[in-house]
Amino acid sequence: MDWKITNKWTLFLDRDGTINKLLVDDYVKTWDEFQFIDGVLDAIPIFNKIFGQTLIATNQQGIGKKIMTEDALRKIHVQMLDEIMLDGGYIDEIYYCPGLAADQPECRKPEIGMAIQAMKDFPEINLRKSIMVGDTLSDMQFGKNAGMKTILIRDEKILSEQFVPFVDYRVPDLATFAEILIHNLKLKF
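In terms of the numbering used here, the sequence shown has 66 at position 66, counting the first letter as 1, and numbering is strictly consecutive.
Hint data in this document are derived by calculation from the structure and do not stem from the laboratory.
Beta carbons: idealized from backbone N, C-alpha and C, even for Gly.
Where hints are given, some of them may not hold.
What the hints assert, rightly or not - When the alpha-carbon atoms are kept at most 20 Å apart in a straight line, the in silico SDA-like pairs for lysine to any residue are as follows:
id, residue 1, residue 2
1, K66, D103
2, K21, M68
3, K21, D38
4, K75, F36
5, K4, R170
6, K8, K120
7, K29, H77
8, K129, M1
Said to hold, decoys possible - Distance windows between CB atoms, simulated:
id, residue 1, residue 2, range
9, P165, D103, 21 to 31 Å
10, K186, D26, 38 to 48 Å
11, K4, D103, 36 to 46 Å
12, R128, Y90, 22 to 32 Å
Using the sequences and the hints, build the whole thing.
Right under this line is the structure:
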């Protein structure tokens with residue numbers, strides 16, 4: 001990974017399956033169901049020292065399906081941000097799309113509505129100097145559709161062919177990505 005990353009770059013992170021453990025065939029509807037993936041709380045402060053912005057872009061169609069409310073999602077995010085801050089990190093902004101996949105809203109990944117909103121909120125963002133990290137095909141497509149570099153969170157040895165055109169780099173988790181950045185940028189923490 002030779003991308004010459006500086007603090008002029010922006011990091012976009014997916015949430016479910018990247019920051020917190022994915023619930024199989026379900027949605028994280030309460031804080032009790034939210035569980036950070038190992039190493040995430042250590043990785044985020046490292047990202048904050050490297051990138052100009054650290055953002056979350058997450059599809060949350062559980063709201064559109066009426067399985068949860070936007071208020072419940074906000075409560076989860078407040079708790080998540082508090083935990084991240086307790087470990088010395090921060091997230092500059094959380095973007096989420098409550099719409100149903102079937103409705104194909106512009107805010108829902110792989111569409112780039114959340115990236116466009118981020119650029120309105122942070123005019124200094126250059127999507128060509130941005131990285132999308134996530135665990136799904138729609139995360140990778142979102143990144144590529146917006147002109148970003150992409151990093152897939154996956155442990156498998158063989159990558160499904162459908163992912164190949166959309167993935168620039170692959171790591172097993174955010175902690176490993178942070179370690180690679182420290183090594184490649186020759187940072188000392």
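Now for the hints, and whether the structure bears them out:
For the hint linking K66 to D103, the alpha-carbon distance of about 15 Å falls within 20 Å, and the restraint holds. Pair hint K21 plus M68 holds up; C-alpha atoms about 18 Å apart against a cutoff of 20 Å. Our distance criterion of 20 Å between C-alpha atoms is met by K21 and D38, whose separation comes to about 9 Å. A threshold of 20 Å between alpha carbons decides the hint, and for K75 with F36 the separation of about 16 Å falls inside it, so the pair holds.
Restraint check: the Cα-Cα separation between K4 and R170 comes to about 18 Å, which is no more than 20 Å; the hinted pair holds. The straight-line distance between the Cα atoms of K8 and K120 is roughly 16 Å, inside the 20 Å bound, and the hint therefore holds. Among the hinted pairs, K29 with H77 is consistent with the structure: their alpha-carbon atoms are about 11 Å apart, no more than 20 Å. Simply put, K129 and M1 have alpha-carbon atoms about 14 Å apart, close enough for the 20 Å limit, and the pair holds.
Between P165 and D103, the C-beta spacing of about 26 Å keeps the proposed range 21 to 31 Å intact. A hinted range of 38 to 48 Å holds for the C-beta pair K186 and D26, which are about 42 Å apart. Between K4 and D103 the C-beta distance comes to about 39 Å, which sits within the given range of 36 to 46 Å. The beta-carbon spacing between R128 and Y90, approximately 24 Å, falls within the hinted interval of 22 to 32 Å.
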